[in-house]
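Each chain is listed here by its residues.
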Amino acid sequence: MKDITLGQYYPVKSPVHSLDPRTKIILTVLLIVFVFISKTFAGLGICALFILLVDFIARIPLKNLLKSLKAIGFIIFFTFLLNLFFFTQGNAVFEYGIIKITDSGITRAVFMAIRLILLIVGAGLLTFTTSPIELTDGLERLFTPLKVIGFPAHEIAMMMSIALRFIPILSEETDKIMKAQSARGAVFDQGKLTKRVKAIVALLIPLLVSAFHRALELANAMEARCYHGGEGRTRLKVLKMTKKDALAFAIMGIFCLIIVVDNLILSKIFLVG
Amino acid sequence: MQNIIEIKQASYKYEDESQEVLHQIDLNVKKGEFLCVLGHNGCGKSTLAKLINGLLIPTSGSVTVCSMDTRNEELLIPIRSRAGMVFQNPDNQMVATIVEEDVAFGPENLGVEQAELRQRVDNALDAVDMRQFALSAPNRLSGGQKQRIAIAGIIAMEPEIIIMDEATSMLDPKGRREVLETVHRLNKEKGITVVYITHFMEETVLADRIIVMSGGKIEAEGTPKEIFANTEKINQLALEVPPSTKIAQKLAENGFNVDANILQPEELLEELCQLV
Amino acid sequence: MSISIKKLNYVYDPESPFSVAALEDVDFSVQDGEYVCILGHTGSGKSTLVQHLNGLLKPTSVEEMLVEGVDLTVKKPDMKTVRQKVGMVFQYPEYQLFEETVLEDVSFGPKNMGLPNEEVEKRAKEALALVGVGEELFSASPFELSGGQKRRVAIAGVLSMKPKVLVLDEPIAGLDPLGKAEILSVIDQYHKKYNATIIMISHNIDDVVEVADRIVVMHKGRKALDGKTEEVFSQHERLLELGLELPSVCELVYRLNLLGKNIPTTICRIDDLVQFVSGVKK
Numbered sequence: 001m002k003d004i005t006l007g008q009y010y011p012v013k014s015p016v017h018s019l020d021p022r023t024k025i026i027l028t029v030l031l032i033v034f035v036f037i038s039k040t041f042a043g044l045g046i047c048a049l050f051i052l053l054v055d056f057i058a059r060i061p062l063k064n065l066l067k068s069l070k071a072i073g074f075i076i077f078f079t080f081l082l083n084l085f086f087f088t089q090g091n092a093v094f095e096y097g098i099i100k101i102t103d104s105g106i107t108r109a110v111f112m113a114i115r116l117i118l119l120i121v122g123a124g125l126l127t128f129t130t131s132p133i134e135l136t137d138g139l140e141r142l143f144t145p146l147k148v149i150g151f152p153a154h155e156i157a158m159m160m161s162i163a164l165r166f167i168p169i170l171s172e173e174t175d176k177i178m179k180a181q182s183a184r185g186a187v188f189d190q191g192k193l194t195k196r197v198k199a200i201v202a203l204l205i206p207l208l209v210s211a212f213h214r215a216l217e218l219a220n221a222m223e224a225r226c227y228h229g230g231e232g233r234t235r236l237k238v239l240k241m242t243k244k245d246a247l248a249f250a251i252m253g254i255f256c257l258i259i260v261v262d263n264l265i266l267s268k269i270f271l272v273g
Numbered sequence: 001m002q003n004i005i006e007i008k009q010a011s012y013k014y015e016d017e018s019q020e021v022l023h024q025i026d027l028n029v030k031k032g033e034f035l036c037v038l039g040h041n042g043c044g045k046s047t048l049a050k051l052i053n054g055l056l057i058p059t060s061g062s063v064t065v066c067s068m069d070t071r072n073e074e075l076l077i078p079i080r081s082r083a084g085m086v087f088q089n090p091d092n093q094m095v096a097t098i099v100e101e102d103v104a105f106g107p108e109n110l111g112v113e114q115a116e117l118r119q120r121v122d123n124a125l126d127a128v129d130m131r132q133f134a135l136s137a138p139n140r141l142s143g144g145q146k147q148r149i150a151i152a153g154i155i156a157m158e159p160e161i162i163i164m165d166e167a168t169s170m171l172d173p174k175g176r177r178e179v180l181e182t183v184h185r186l187n188k189e190k191g192i193t194v195v196y197i198t199h200f201m202e203e204t205v206l207a208d209r210i211i212v213m214s215g216g217k218i219e220a221e222g223t224p225k226e227i228f229a230n231t232e233k234i235n236q237l238a239l240e241v242p243p244s245t246k247i248a249q250k251l252a253e254n255g256f257n258v259d260a261n262i263l264q265p266e267e268l269l270e271e272l273c274q275l276v
Numbered sequence: 001m002s003i004s005i006k007k008l009n010y011v012y013d014p015e016s017p018f019s020v021a022a023l024e025d026v027d028f029s030v031q032d033g034e035y036v037c038i039l040g041h042t043g044s045g046k047s048t049l050v051q052h053l054n055g056l057l058k059p060t061s062v063e064e065m066l067v068e069g070v071d072l073t074v075k076k077p078d079m080k081t082v083r084q085k086v087g088m089v090f091q092y093p094e095y096q097l098f099e100e101t102v103l104e105d106v107s108f109g110p111k112n113m114g115l116p117n118e119e120v121e122k123r124a125k126e127a128l129a130l131v132g133v134g135e136e137l138f139s140a141s142p143f144e145l146s147g148g149q150k151r152r153v154a155i156a157g158v159l160s161m162k163p164k165v166l167v168l169d170e171p172i173a174g175l176d177p178l179g180k181a182e183i184l185s186v187i188d189q190y191h192k193k194y195n196a197t198i199i200m201i202s203h204n205i206d207d208v209v210e211v212a213d214r215i216v217v218m219h220k221g222r223k224a225l226d227g228k229t230e231e232v233f234s235q236h237e238r239l240l241e242l243g244l245e246l247p248s249v250c251e252l253v254y255r256l257n258l259l260g261k262n263i264p265t266t267i268c269r270i271d272d273l274v275q276f277v278s279g280v281k282k
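Chains as they are written, first to last, in the working numbering: chain A, 1 to 273; chain B, 1 to 276; chain C, 1 to 282.
Just chain A, with the same shape it has in the complex (with noise of 0.2 Å):
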């Protein structure tokens, strides 16, 4: 129970893992963005490629990658099916009752699918090279500026980080009282529905009472450690931008472009969306 691994992250050593979290932030939501912009099959077909080569140099399997759109395979699935059916304009090609499907219904929604599998897979990068806590300190220097317009950036990413600690701590005492109750003729996966809830109630509750007695000692021991919000605080780990990252933005920038010159010219040619 101790080394639950929290979200999708793979601990390998790779440049990508070692760029800068705020790089690998921007860089994302860039890539989503340009995946949404992309007009073409062959615009979409270079953000695949350019996943596929980030993917390889950061060592991850494409298997586990792929894993991830296991999650959300019904979403991709009914998206493509809404296309489908309710894209009507174009040649007909199946046509039963009221159910018309046309060819430009197919395209688009091959299209839609193919975009949605990219955006995920794309996302997914982000959180495969960039640990949680990595993240959150990332997100929290990204809204720094945003504090002016008193968007709470310490505030949030400290009760993020308290989670992660603290994510595995609960579930393990979850199991041991799961299993105290048991010990006890609880019955949580059987019989009666108010048994099991009862079961249920037996679990929650413990598993409340202690949760909330844990978070009062924790916020005692900040106190008596010094804490007073985010104001004047330093911070062992200062986040750098190194060359690593200036070259990462220029191949973004690549990529970026192809986009942008793939929608301007070809998309005259073969206009889907």
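These are calculated hints, taken from the structure and not from any lab test. Note that the coordinates shown come from a computational prediction; the quantities given were computed from them, not determined experimentally. Beta carbons are placed, not taken as given, at the ideal position from N, Cα and C, and that holds for glycine. Any given hint could turn out to be false.
Between beta-carbon pairs, the in silico distance windows are [unchecked claim]:
1) C:N9 <-> A:K240: 48 to 54 Å
2) A:F143 <-> B:Q264: 55 to 61 Å
3) C:F138 <-> A:S171: 33 to 39 Å
4) C:V11 <-> A:Y9: 23 to 29 Å
Position chains B and C relative to chain A; hints supplied.
Frame of chain A, contents of chains B and C only:
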């Protein structure tokens, strides 16, 4: 020697309770002293600890730490950085998911500059002999190791006082030994004043002074020898004597010529050598 | 025979590359009414072992596993019976309290056994009496009690099921001397009153030596030592080798013998020592 902690007539009452948990406590702690606080659950010793680093402010009376009065709100941060506190549950006092970042938490809050911060964290980890775990996740450490990290987190604030609030009560014997040794070493080598709250009598035998609390008052005070010599009082306060003392007392009761006031295994060993 | 286990193996996450063998070929038998203490470091497998006794963990492989007449090696073992026969008190059991009143919380176990209401109440009250929680607290919220009281109520919640075997994982951890003594006395009473089998994990070696009939030492997932209390504690060097503490009396005997004295190593309790010294003096 000057007093580093001065508690004068301090009382404390929690808002939702009718009775005071601490009643007119007077206590001075000298710089560099190793003070143990004993007492059964609910005797007020944890409240006392929280008064010393300003987590709680006395409802009457005063607490002065390094010449700073805890009633002055502006001094709370300096007071807490002078008097660090280690709590009972190792898990509930670690903030970060990486050891060195947790150690840095205190000085980060104090706004210590980055270069010095690095230095302080490394030194603090060295002081508790945990440098090799700097980049580990806290989940992977034993209870004793976690508490040593908690101590390092305080050392990194360069404190003058460490308050251990039953910090060994959830540890196994090995962890307890590690933590106790660490605190004794810091007390000797760095001259850090220690206020050590515990249930384990054997942990108190090397203290300079012990106070025993009951019902929110200090019921007994003295060197370990003095405290444990008064068996009647110890029993009355629902405490016990250290294991070596217990054995010595049993032998003395049975008519053997053994000093019933010994505290440490070494002393008992010497006595027994004469007997067998 | 209360418990008979042969060649118990347990592997955490057997599928994953991180799989760890938590128990390896452990034989563990306990007679009716025995008081057994299990010692070992954190991670030695002692908690994993006891969680097999009422089927909370399923062995990766085992040759024989009979607990109070229930065969746990079959495909669908009789969990209901084994959970009633084997009561399990976890570390810091006060964290399992959840009901509105003390009495209801203690009734949770017997209720789950499907007993009639009067019997449930009778058992709950009996158990509370045994742990020394008075009637005035029956309708109190368990969350308002003191630390020591909570612990006793939580233990009553297991005793109310009247288990033949009572398993306790560090029942006295984190308590003050008074709280410790209270809990140990509750366990002792239950042991004597119902001739119950007690299996206790504890680090408090000076207490263990006074209460246990038998000691089992776990080390790295294997059973390292198993025998009568004085037998196991007579093996000073072996225990130190395993990184365990010696009871204070054994520590003394060990060091006296190092100094060239000739003291029987089976002396491990204070009374034994007093008796021995008396013998020498006469």
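Quiz item: Among all the numbered hints in the text so far, which are the ones the structure does not match?
Solution: Violated hints: none at all, because every hint is consistent with the structure.
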